[in-house]
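**Student:** The chain contents come next:
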Amino acid sequence: MSLYREKAVVLRSYKFGESDRIVVMLSENSGKIRAVAKGIRKTTSRIGARLETLSHVDVQLYRGRDLDTVRQVDLIDTHTALRINLKRLEQGLSMVEAVDKLTPDREPVPHVYTMLSRALRSLNDAASPLIVGAFYWKLLSSEGVAPALDDCVRCGSSTELCALNMQEGGILCRSCRSGTAVSDAALNILRQVSSGGLATALTLDESPAVREVNQLAMALMEAHLERKLRSVGLFDRHL
Amino acid sequence: MASPYTPPIQALIDEFGKLPGIGPRSAQRIAMHIVKMPREDINRLAHALTDAKDRVRYCDMCFNLSESEKCSICSDDRRDSSILCAVEDSRDVVAIERTGEFRGRYHVLQGVLDPLQGIGPEQLKIKEMFRRLAPEGITEVIVCTNPNTEGEVTALYIARLLEPLGVKATRIASGLPVGGDLEYADEITLGRALGNRRTIEI
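If you're matching them up, the sequences are chains H and G in order.
For the first sequence, the working numbering assigns the number 239 to the last residue and increments by one with no breaks.
For the second sequence, the working numbering assigns the number 441 to the last residue and increments by one with no breaks.
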C-alpha cells in the first residue's frame, strides 16, 4: 500500500526547496500527515490553490519513508467565506493551530477530524463569535481534560458556583473558590456547549459572557498545550 | 570517515553547500571548478561577492534593496507617486518591473503576516508604509502579496487599516495564466477568474 487516499483538512504548510511546499494536514483515518506538494509554488502547478490552509480536500498520497508525496488533490470545500473576512479567518486559523499543536503525527484521531471539518464548515456558513471557545472546550473534553461543571469539585455544593480552577479540575463554589472567576452567564454557556446544546450556543451573538467563555477556553487550551497560541487576537494588536 | 578532499577544498565545498538549491554534489562540482579557474576570474568573483555585501542596503523609503539611501525607483520623479504597490519581497519588485505595466512606487513589506508562525504586523514594514501615505500623497495601495492564505491575510489586514484613512486599497487580480489550459485550472483560481471577468473591449 504505497498509494493511499484520504480526506483531510489542511492545517498549515511551509516552503520547501525551490518550488515545493510541505503541507501539514489532519486526515480522517491516518491522523496528522506531512506531505510534500511538488512544484506547488509554480504558476503551472496542477494542484494550484487547492492545498491552502483551511481547505478541506480529498488527496491521493504516496507513502514515503519520511515524508509522503501529494499525487492528486480534489477539493471538498475551500471555505471561501472564511478567507474574505479577517475575523473569521482569525477564528479558523486559531482552531487549526490548536489542532496542529495538539495532535501527534500519524496517530488516527477521527473524532478531531470530524469536529474540525464541521466547525470550519459551520463558521464558513455563518459568523459565530463563540466558535473558537466552544471548539477548544470540545477539544479539551475529547482529551479528557475539560473541567467538571456540575457541582463544586471540592464540597459537592450545587449553588453559588463562581470560580474555575484547572488544578482542582472544575468549578468551585463561593466558600471553596480559587482560580479564575466565572459568571453565571458564562457557566450556562459552558454547560450548554458540553451537554448537547452546541448548535444553539453557536448562534449566540457577541456578548460579555461569550467573550468570557472564549477567554476561558483559550486560557485552558494554552495551559493544556503549555504554550502560547499565536493566531488568537493577532490582528487586534496595535502597531 | 575523514574527508577525501584537502581541507581548503573541503571548506569551499562546505560553504557552497550552504547556498540555496545547492546540494552536496553540485557543491563539489563548483568547488572543483573554482580551483581550476584563472587567478583574475577568481579575483573578480571575490570582489563581486564582497562588493555586493558592502554596497547593498535597504532603501529608507521603500525597503527595497538599494545602493544608496533612496533606491532608483523612489528617486525617479517621473514615477507616479500617488499609487503604491505593497509587495512581500525585493524579488517581487523585479517581477512586477519586468511587466512594464506599473509606473507607481513600491513598498517592500519584507515578509507577510503568518498567524501560524506568529509573524504579526510589528515584524513587517507595515508601520513604515503608513508613514509614507500622507507625505507622498498616496491615494491607492495595491496589495501585491502572493495569492495564498498568508498573502490574503496581509491584504485584508492592510485594507482594514487603510479604510478609515480614505486611501483606496486594491488587490492584485487572480486568474488563469496566459497560455494555460482551462481544463487544468483548479476550481478556486477558475472561480476567481469568473468572478473577476471583464467586458471585452473592441
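Hints were generated in silico from the structure; no laboratory data involved.
Careful, some of the hints might be misleading.
Sample of chain H residues lacking proximity to chain G, with all beta carbon distances greater than 12 Å (derived) [what the hints assert, rightly or not]:
1) Gly17
2) Thr44
3) Arg50
4) Asn85
5) Arg118
6) Ser158
7) Cys176
8) Asp205
Computed footprint of chain G on chain H, listed as stretches where at least three residues anywhere in the stretch have a Cβ under 8 Å from a Cβ of chain G [claimed, not checked]:
9) 51 to 60
10) 96 to 108
Given the structure is predicted, the values throughout are model-derived calculations rather than measurements.
Glycine is no exception: its CB is placed at the ideal position from the N, C-alpha and C atoms.
**Student:** Does each hint fit the structure? Answer for all of them.
**Tutor:** Hint check results:
{"no.": "1", "hint": "Gly17", "in the structure": "violated (7 Å)"}
{"no.": "2", "hint": "Thr44", "in the structure": "violated (7 Å)"}
{"no.": "3", "hint": "Arg50", "in the structure": "violated (5 Å)"}
{"no.": "4", "hint": "Asn85", "in the structure": "violated (8 Å)"}
{"no.": "5", "hint": "Arg118", "in the structure": "holds (20 Å)"}
{"no.": "6", "hint": "Ser158", "in the structure": "holds (41 Å)"}
{"no.": "7", "hint": "Cys176", "in the structure": "holds (38 Å)"}
{"no.": "8", "hint": "Asp205", "in the structure": "holds (21 Å)"}
{"no.": "9", "hint": "51 to 60", "in the structure": "holds (count 3)"}
{"no.": "10", "hint": "96 to 108", "in the structure": "holds (count 3)"}
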